[in-house]
Amino acid sequence: MKGIFPAVLLIFAVLFPFLFRDYWLYVATISLYYAILASSWSMLAGHVGLISFAHAAFAGIGAYTSALLVIHQGLPVPVSVLVGALVAALFGLGIGALTLRMRGPYLALTTLGFSELFRISITAEYGLTQGSIGLKVPLMIEGDRVLSYYTGLALFVLTVVTLTGVLRSRVGLFLVAMREDEDGASTRGINTVYYRLVAFVLTSAFAGLAGGFYAHVVGLVSPQMTRIGEMGLILAMSVFGGLESLLGAALGAIILQGLTEYLRIFTEWRLAIFGALVLFTLKLAPEGVLPRAYVYAERLLDRWLGRA
Amino acid sequence: MLFLSQLANALVIGTLYALMSLGLSLIFGVLKLVNFAHGEALMVGGYLFYVLASLQLPLPLALLFSTPLLFLFGVLLERIFLRTPYQRKMARYDEYVILVTFALGIFLQNLAFPIFGPYNRQAPSLFNRTIRLGELIVGGDRMSGALVSFATIGILIFFLYRTSLGKGLRAVAQNPGAASIVGIKVLRMRSVAFGIGITLAGVAGALFGPIFLVNPEMGTSFAVKAFVIVVLGGMGSVKGTIFGAYGLAIVESFGSILLPDPTRSLAYKDAYGLLLLMLVLLVRPQGLFGEKERPA
Chain X
1 MKGIFPAVLL
11 IFAVLFPFLF
21 RDYWLYVATI
31 SLYYAILASS
41 WSMLAGHVGL
51 ISFAHAAFAG
61 IGAYTSALLV
71 IHQGLPVPVS
81 VLVGALVAAL
91 FGLGIGALTL
101 RMRGPYLALT
111 TLGFSELFRI
121 SITAEYGLTQ
131 GSIGLKVPLM
141 IEGDRVLSYY
151 TGLALFVLTV
161 VTLTGVLRSR
171 VGLFLVAMRE
181 DEDGASTRGI
191 NTVYYRLVAF
201 VLTSAFAGLA
211 GGFYAHVVGL
221 VSPQMTRIGE
231 MGLILAMSVF
241 GGLESLLGAA
251 LGAIILQGLT
261 EYLRIFTEWR
271 LAIFGALVLF
281 TLKLAPEGVL
291 PRAYVYAERL
301 LDRWLGRA
Chain Y
1 MLFLSQLANA
11 LVIGTLYALM
21 SLGLSLIFGV
31 LKLVNFAHGE
41 ALMVGGYLFY
51 VLASLQLPLP
61 LALLFSTPLL
71 FLFGVLLERI
81 FLRTPYQRKM
91 ARYDEYVILV
101 TFALGIFLQN
111 LAFPIFGPYN
121 RQAPSLFNRT
131 IRLGELIVGG
141 DRMSGALVSF
151 ATIGILIFFL
161 YRTSLGKGLR
171 AVAQNPGAAS
181 IVGIKVLRMR
191 SVAFGIGITL
201 AGVAGALFGP
211 IFLVNPEMGT
221 SFAVKAFVIV
231 VLGGMGSVKG
241 TIFGAYGLAI
251 VESFGSILLP
261 DPTRSLAYKD
271 AYGLLLLMLV
281 LLVRPQGLFG
291 EKERPA
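Residue numbers (our numbering), protein chains in the order written: chain X, 1 to 308; chain Y, 1 to 296.
Chain Y with its partners taken away, still in its complex shape (with noise of 0.2 angstroms):
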């Protein structure tokens, strides 16, 4: 029955841990950088969620107006930080993206701290009661987050596939050099695919909000496992997202009862994905699916 449970946990925490991990798998993808204010941005969405709900909007409604929010808020900041040094093939690019999404990330959180304190907040869930199948229980707010993140990926996925603004995003991804012969704005895509994965991660951060809670620090730690998952599937890759996805929170469910120490076992769940981490890096860097680096 533990078994049972935990499995079942971690398919629904998995399918969460997807949606904030596709966004910083499509902005690596697009843009080449991996954007170091990803927990930033989920914190951001969980704010925006529990703002919107506090003003006695319909959930789904609080839900679907953070989107466009999110989006604008991910485009402006592409603009503002990020296009101009690509633009001008700024000198050690590489390490200015690392450092400015880093500072963005540390901007943002200490933003969030004198707005609203360093309390956790709880943000209601859209489904409150506890499902039963069989012997099995979930709660609600998982149930529901699970849900709404499969949809969430689900359209995802048929955008980049089926239309064309996806299918010009991989494109980008692939060559951008080729794609702009074809006449695909590379800049517009990048401002889009940054607007994407801040508007993932942000989605994310609402539906984690009823589950964990809603503070400043909250972003830290799901960056991370965001981080863990994008090298263990490969980087850019979507298929290994979604596995890394999975293979993340099935180690973390199981290895959280490893420990007899309860308090001990908890602290110690975010230190399985950084072991995971290390081992994909001894192991097969690339990540499970992606593409062995080839030097120029």
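Excised from the complex, chain X in its bound form (with noise of 0.2 angstroms):
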């Protein structure tokens, strides 16, 4: 059963560009970016129990690193979308060498100013920049439509299939260890300084990634894309989708981010929305509300096959 989840996911994922085309197929590239950016977020919050507010931010740096690099000295889009990664995983070991010695919320403040420091760069350097405006950006693939998807797909399973090998790995063990008991770990010979610091920075490159892939589906980038409400709706994808399952967060954002497009009418109730839907997960089903779907679903499903 835990198997055939993903596979029929997958497979659906595969098939999708002969079931929708145009519209559909461009909302479903956006909420793979989405989905790579909640999958990521959840490992570092639901896993690893550290909370980043910068996420939003370190797609920025991604998507503006590549804008840049391909504007500027016309490097071809994958090296440049490569370079947006490593440069936001440069920022991330900043960051977390700073802040990750110490316990506490002391990441999750120092990644909200960073986020709105950079925000606020961004908005100020007009000759870079563009500022507020935004900076037109080269397509990738011709802007064709259904390879953009597929590329999509490849990133995010790519996402996927990284994190969970980690999460698999000695080093998932050591992780999980930590964030239950941090002293016990630390007694063990973990040194938790340094994998809180590995796993910080791993997320980070691969929310540049997703930055840079979004800054050449869309075309342009602009510091919208690292407002506090983006964070916010990252926020609301992975609490909504279940903060311990990466795949789980990632159907948060993709449900959420289709949910977005129906709610276009009422674009400005929308954020409002997602935050009352956080609150009442939080509150009411704090493992999410699709892990608690999927538990009620398998239950239902034994029943009905135990009748018949």
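Don't read these hints as lab results, they were simulated from the structure.
Here the structure is a predicted model, which means the values were calculated and not measured.
Check each hint, because a few of them may be wrong.
[Claimed, not checked] Below, simulated BS3-like cross-link-like pairs (lysine-lysine); rule was C-alpha separation at most 27 angstroms, straight line:
1. X:K283 to Y:K89
2. Y:K185 to X:K283
3. Y:K269 to Y:K167
4. X:K283 to Y:K32
5. Y:K167 to Y:K32
6. Y:K167 to Y:K185
[To be verified] Which chain X residues stay away from chain Y? Per the calculated CB distances, all over 12 angstroms, these:
7. F5
8. Y23
9. G104
10. L139
11. D144
12. R170
13. I190
14. V201
Glycine included, every Cβ here is placed at the ideal spot set by N, Cα and C.
Got two chains here, separate frames each, mind docking them using the hints?
Rendered as structure tokens:
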């Protein structure tokens, strides 16, 4: 049962461009961007127990780095996107080295400050970034929507497979041990600061990767993508989908992004609704709405099969 | 002259910063959590004052009426979102409170957008005339804001150190277990602390309203400043928070005349605080007046 679900999802995702075209395919591509962000953020928040508010900012770093490299240096898109991810990882390393020595909410505080500072600087440095108007970016693969979608899907699968691999390895065990009992883990000889830093840098790199991809799909990067509201969206997706499940968070991203398209009519209320959704989820089903629905569905299925 | 006027400005703004940060510090001290919705509490206070003032209420009365509403709002939030997880010793409580307060902030901010629109609103100020002290000119809105903040901080300190309720709050901040043994109701103190914290932020928002403008996103930059101040001074320390507030105001005030380009220097005013934060984290992570964290 456990292995079937992701396989069915993957088959559906691969077949998606044959079922939907143009608009909904584009929506799906964008939701893959959010899926990468939400699943990497949920690994950090759910499995490592680190809450960073700079995930959207790291995506912005990836996007701007890649955009500027393509525009000014003429680098090919795949290379510049990778460099963008690397730069995001470097920023993650800097912030992590500064804050991860301490326990408590220092990471959350510093990343929130950093995220604001980043948004302010890219808005102010008009000469380089065109400020709040945004920077026009060349599209990837000549704007071919189907191939862009598959690129996004490949990046998403890469993210989930890599992060799941890390979580299932020795390092993953260390991370969970640290989350449950930090002093216990460190007396067993785990260098807790080091492994926290590794997890933070890794997830920051994936955020940067997602950002670079997004830039060349949408064709425009602007300070909008690093707003606090964007971070709220990523948080809502992860919490709704379940913080302790990478796939759940990704599904949460896809569902909420799909909802966003339906809710376009009352755009203004969208983030307020999602904010309320997070508050309700945290209060009533802190493990996430999707994991709970999954358990109910399984129970229902068992009962149904049992009677048949 | 530039030096003097910048200094005067720093002192005025610093007093306002102290007011908003003391709320954050009090909440941290008693509830042991960082309220990531603090900026939005400030925004709510700003709008509340704006609405009450546009009902033609006399301004001092508007300010006075907004305080019990803000306190009630804070107590309500604590009861709904923070009490049960604390009581039931929820697993991974630390992450939960960060998520829930941040989500609350996002919710309030985006509730304000459709209700009030994205525009800047200017709330009327308590006192309009500019004040001249020799060559020094201070805006009446700033001056009255600073004076009201100063008085509020005075009342708060008196309350915390001289009344039994205030002593109860400080006892819970120091040691909740011991406090409950001597008969202090820890849960009630937590509600009260959150209510007072939100009220302080809201009053600061009302006083900021005439000086900076009121808009749904005003909270974020002030919240970041309050975080910087509280980390700078040492989390949970009243003295440290006040020093931190003036420290940040001075750094911002003099930092902004360092860059020649005026639009840039205005944009990067917020950056100085962050640089200060990074410096503190590097050199003295427990803050100027904080106690060093002891591993269990």
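Going down the list of hints, with the structure as the test:
1. Distance hint between X:K283 and Y:K89 is fulfilled; the C-alpha atoms sit about 14 angstroms from each other, no more than 27 angstroms.
2. For a cut-off of 27 angstroms, the pair hint linking Y:K185 to X:K283 stands: about 24 angstroms separates their Cα positions.
3. A threshold of 27 angstroms between alpha carbons decides the hint, and for Y:K269 with Y:K167 the separation of about 38 angstroms lies outside it, so the pair is violated.
4. Proposed proximity of X:K283 and Y:K32 is supported: the alpha carbons are some 19 angstroms apart, at most 27 angstroms.
5. Note on Y:K167 and Y:K32: the hinted pairing holds, with a Cα-Cα distance of about 17 angstroms set against a maximum of 27 angstroms.
6. Under the criterion of a C-alpha separation no larger than 27 angstroms, the hint pairing Y:K167 with Y:K185 is consistent with the structure, at around 12 angstroms.
7. Distance check on X:F5: its Cβ is at least 25 angstroms (rounded) from any Cβ of chain Y, clearing the 12 angstroms threshold; non-interface status holds.
8. Every beta carbon of chain Y lies more than 12 angstroms from that of X:Y23, the smallest distance being close to 25 angstroms; the non-interface claim holds.
9. Residue placement check: X:G104 does not keep its beta carbon more than 12 angstroms from all beta carbons of chain Y (closest about 8 angstroms).
10. With a least beta-carbon separation of about 30 angstroms from chain Y, X:L139 lies farther than 12 angstroms from that chain, consistent with its non-interface assignment.
11. Every Cβ of chain Y is farther than 12 angstroms from the Cβ of X:D144; the closest lies at roughly 35 angstroms, confirming the non-interface assignment.
12. X:R170, annotated as away from the interface, keeps every beta carbon of chain Y farther than 12 angstroms; the closest lies near 22 angstroms.
13. Non-interface status of X:I190 relative to chain Y is upheld: no Cβ of that chain comes within 12 angstroms, the nearest being about 14 angstroms off.
14. X:V201, annotated as away from the interface, keeps every beta carbon of chain Y farther than 12 angstroms; the closest lies near 18 angstroms.
Of the numbered hints listed earlier, those contradicted by the structure are 3 and 9.
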